[in-house]
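Trainee: Listed below, chain by chain, are the residues.
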Amino acid sequence: MPSELLKGFRLLDLTDEKGALCGKMFADLGAEVIKVEPPGGCSTRRIPPYLDDQSDPDHCLYSLAYHAGKKSVTANLGTADGRALVADLAAQSDFLVESYALGYLDSIALGYDTLAKKNPRLIYASITPFGDTGPGKDYNWADIITWAAGGMMYLMGEEGKPPLQMSLPQAGFHAGAEASVAMMLAHYPRQLDGLGQRIVVNMQACIVWTLMNEQAMPFLHGNHLSRTGVFVGSADARRKMVYECKDGHISILVAGGTMFGSSTKALIDWMNESGFGSDWMHTKDWVSWVPGVFMKMTAQDYKEIDDLETTIQRFLLTMTKREIYAHGLKRRIFLAPVATAADIAADEQLKARDFWTQVPHDTLGRTLTFPGPYAKLSATPIGSITRAPRIGEHNDEIYRGLLGLAPDRIAKLRAAGAI
Amino acid sequence: MSLFALEGVHVLDFAWVGVGPITTKYFADNGADVIRIESAARPDVLRIGPPWKDAMPGINRSQFFASFNTSKKSITLDLGKPKARDLARRLVPWADIVVESFTPKAMRMWGLDYENLRELRPDLIMLSTCMQGQTGPNALYPGFGQLMAALSGFYYISGYGPGSCTPPYGAYTDFIAPRFSAFTLLAALDYRRRTGKGQYLDMAQYEAAMQNLAPALIDYHATGRVLGPRGNASDRYAPHGAYRCADEDGNERWIAIAVADDEQWRAMLTALGAKSADPHFVNASARIENAEALDQFVGSLTRARTTQELTAKLQAAGVAAYPVENCVDIHQDDNLDAFGFWHWLEHKEMGPSPYEGLEHRMSRTPGTLRAAAPILGQDNDEIFRGMLKLSPEEIEQLKKENVIF
Numbered sequence: 001m002p003s004e005l006l007k008g009f010r011l012l013d014l015t016d017e018k019g020a021l022c023g024k025m026f027a028d029l030g031a032e033v034i035k036v037e038p039p040g041g042c043s044t045r046r047i048p049p050y051l052d053d054q055s056d057p058d059h060c061l062y063s064l065a066y067h068a069g070k071k072s073v074t075a076n077l078g079t080a081d082g083r084a085l086v087a088d089l090a091a092q093s094d095f096l097v098e099s100y101a102l103g104y105l106d107s108i109a110l111g112y113d114t115l116a117k118k119n120p121r122l123i124y125a126s127i128t129p130f131g132d133t134g135p136g137k138d139y140n141w142a143d144i145i146t147w148a149a150g151g152m153m154y155l156m157g158e159e160g161k162p163p164l165q166m167s168l169p170q171a172g173f174h175a176g177a178e179a180s181v182a183m184m185l186a187h188y189p190r191q192l193d194g195l196g197q198r199i200v201v202n203m204q205a206c207i208v209w210t211l212m213n214e215q216a217m218p219f220l221h222g223n224h225l226s227r228t229g230v231f232v233g234s235a236d237a238r239r240k241m242v243y244e245c246k247d248g249h250i251s252i253l254v255a256g257g258t259m260f261g262s263s264t265k266a267l268i269d270w271m272n273e274s275g276f277g278s279d280w281m282h283t284k285d286w287v288s289w290v291p292g293v294f295m296k297m298t299a300q301d302y303k304e305i306d307d308l309e310t311t312i313q314r315f316l317l318t319m320t321k322r323e324i325y326a327h328g329l330k331r332r333i334f335l336a337p338v339a340t341a342a343d344i345a346a347d348e349q350l351k352a353r354d355f356w357t358q359v360p361h362d363t364l365g366r367t368l369t370f371p372g373p374y375a376k377l378s379a380t381p382i383g384s385i386t387r388a389p390r391i392g393e394h395n396d397e398i399y400r401g402l403l404g405l406a407p408d409r410i411a412k413l414r415a416a417g418a419i
Numbered sequence: 001m002s003l004f005a006l007e008g009v010h011v012l013d014f015a016w017v018g019v020g021p022i023t024t025k026y027f028a029d030n031g032a033d034v035i036r037i038e039s040a041a042r043p044d045v046l047r048i049g050p051p052w053k054d055a056m057p058g059i060n061r062s063q064f065f066a067s068f069n070t071s072k073k074s075i076t077l078d079l080g081k082p083k084a085r086d087l088a089r090r091l092v093p094w095a096d097i098v099v100e101s102f103t104p105k106a107m108r109m110w111g112l113d114y115e116n117l118r119e120l121r122p123d124l125i126m127l128s129t130c131m132q133g134q135t136g137p138n139a140l141y142p143g144f145g146q147l148m149a150a151l152s153g154f155y156y157i158s159g160y161g162p163g164s165c166t167p168p169y170g171a172y173t174d175f176i177a178p179r180f181s182a183f184t185l186l187a188a189l190d191y192r193r194r195t196g197k198g199q200y201l202d203m204a205q206y207e208a209a210m211q212n213l214a215p216a217l218i219d220y221h222a223t224g225r226v227l228g229p230r231g232n233a234s235d236r237y238a239p240h241g242a243y244r245c246a247d248e249d250g251n252e253r254w255i256a257i258a259v260a261d262d263e264q265w266r267a268m269l270t271a272l273g274a275k276s277a278d279p280h281f282v283n284a285s286a287r288i289e290n291a292e293a294l295d296q297f298v299g300s301l302t303r304a305r306t307t308q309e310l311t312a313k314l315q316a317a318g319v320a321a322y323p324v325e326n327c328v329d330i331h332q333d334d335n336l337d338a339f340g341f342w343h344w345l346e347h348k349e350m351g352p353s354p355y356e357g358l359e360h361r362m363s364r365t366p367g368t369l370r371a372a373a374p375i376l377g378q379d380n381d382e383i384f385r386g387m388l389k390l391s392p393e394e395i396e397q398l399k400k401e402n403v404i405f
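First to last, the protein sequences are chains A and B.
Taken in order, the first sequence gives residues 1 to 419; the numbers are from the working numbering.
Taken in order, the second sequence gives residues 1 to 405; the numbers are from the working numbering.
Source of the hints: derived by calculation from the structure; they are not laboratory data.
Yeah, the Cβ is synthetic: ideal placement off N, Cα and C, and Gly gets one too.
Be a bit skeptical, because a hint or two may be false.
Residues from chain A that face chain B, not an exhaustive set, calculated with beta carbons under 10 Å [unchecked claim]:
id	residue
1	N119
2	R121
3	A125
4	Q165
5	I199
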């Protein structure tokens, strides 16, 4: 069972990959989410990779993951009948989220102004790559464009090589989740006065927000970072973040001060027990050592950091990710394995928390294991979800049950290519 | 109707660092009263994180902290002291929502866990957010979003190919989890309005982060296939990547380009005045297969041109393209500017400082950054005198005892 938290509310999902996560989040909390897609399916049905490399919509991993819990109807927005169906659905919905090219839905009388006349309660969110007013409002889009525009791409990669995106593009997830928050913000005043509103989500801004503390560097420190590979931090506090080990990589935060000093000390003690490290490392007062923060880096500091990082690297190469992580947990060292999907699937913590969720897929004749809920809710737990619907799987249920269309009317619409 | 969606909502915020404060920032910027409980005895580590005003560290000089804590109030209580905990408890009946983000033992040790606090307010909604959740063998794992981004799989999919690991900047997962927690707290608030029931939310940053990797995790469980680093390679677009452009002011510049189909490919060549008869690039599947040679060819077309010229020409031709922006560029970006994204707010010690604005705009209750971040304990008098009705003498005494500290 999904959570009861949003039971009784209905979201109309007209997004593509810029917002698919939004409807998934509403479905997890118990809302009825109706995905409206063109006959033949929306573009998210054909995003590779596919399960077992079978490149059909039923095996599309993206769709399986992010349309789970939703219902699917088809409507051809190129026809008057198709548009009327969506308008009728919107009249009975609490939320609508869309990510079409700016102005498209307005041009076919499915924009906020038109729909709100019939349903003033409607909360209507548009996900846009660059907002709705700037010179880029009609720009062509792919996820990598937002990654570049939001500043994260510039910071990923190595000097002398191109800036990077992750292997699983991320910008659409941030935007979809932002739409979820914004719509629930709008929901609060609606429960007081019954009025909805229009929301515009800006994808570029969503990625800028992931830059953490970096945006203000040019103004406050007069510099900014470039791609630094496995290192992080500006020149005066540069640290190696990623080390190699026997079977992959380990990330460690090596620093001094009250927050990190004891972790660094624990790491050095551990190296000492194993015959690694030099005298100066063991005798140094790590808690009061904060070069680059409250004191200038000296030539000595650079030498020491270099020595320390070299030693850590030699030490970690003697062990596997699993061994290092186990020690890190026990000794309370700020470290983590650079985990693969296989490492994550084997993780004892997630098993102990009963994280993984089994989702039967009669469409595939098998049960798939999904990442479970993002939170445990005491009164309204997020339980199991239903598999992603096939394209138009709920046409009859929704068009007949919700809109009250007669079967022969539905058959006619189907024959005319409206659904 | 107010311009703020959450006017009248009260949030008591024991949280620190990223996820908790970013969650409550959504509430504060939208009109809720958010009181942060901090202490000089154990300051939020971000208060001493860079960048600092004039590059000079100080507890009230960090933009790192400031960005996540707009529109909030700050009081100081050293929760290690029983009297401080009593004062914190006296604020709980006021709170619709309590948020905390310590490792799981802290609030329990102080008697400030959900079981205790709900006695003070039975319909309380409380969020605990930590790295790996309140239960399980690794519940006490100490860490930050940088490590969590490694542990939850993001580092591994960041690199040029097998063996390469070039992680995303910063604490990436700190910018995933708060949208899940804010969304859920808002839904829980509405659920309480309808049913009278509060509840407790245990959110692991780990489990929230993995929502952004679901297809890869489902795939592994089903087939054993592990998604790895693969540079900017794509199975859908070719070309797809970042391409070197003409340097500007001695700095290297790059443009991101994604070409979805043959029509766009031809449009791109025309826009750049180029021709290609190379059979390796003849159609989309050939281009995907020969991505390395393709990247070299596209790079040769972009190398002498500016990002501006390329963006204009390619976008006009229907091709997705945009400059790879750095932290100077994003402050001069016409699109962010048109959205009204950046805010310069007057901070009590830092003066005018640059803040990120909201990532969405709402037509009726837009909300906004109502104030710069508070300096440590700036609202002590207002809260302890105004809300808790302590006398100036009592407050003075509590300050002397380092309870209000």
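Trainee: Does each hint hold? Answer for all of them.
Mentor: Evaluated hints:
Taken as an interface hint, A/N119 does not check out: its beta carbon lies about 15 Å from the nearest beta carbon of chain B, beyond 10 Å. For A/R121, the suggested interface contact is broken, since its CB lies about 12 Å from the closest CB of chain B, more than 10 Å. Proximity of A/A125 to chain B holds as hinted, the smallest CB-CB distance being about 8 Å (cut-off 10 Å). This hint holds: A/Q165 has a C-beta 5 Å from the nearest C-beta of chain B, less than the 10 Å allowed.
The criterion of a C-beta within 10 Å of any C-beta in chain B is met by A/I199, whose closest approach is roughly 5 Å, and the hint holds.
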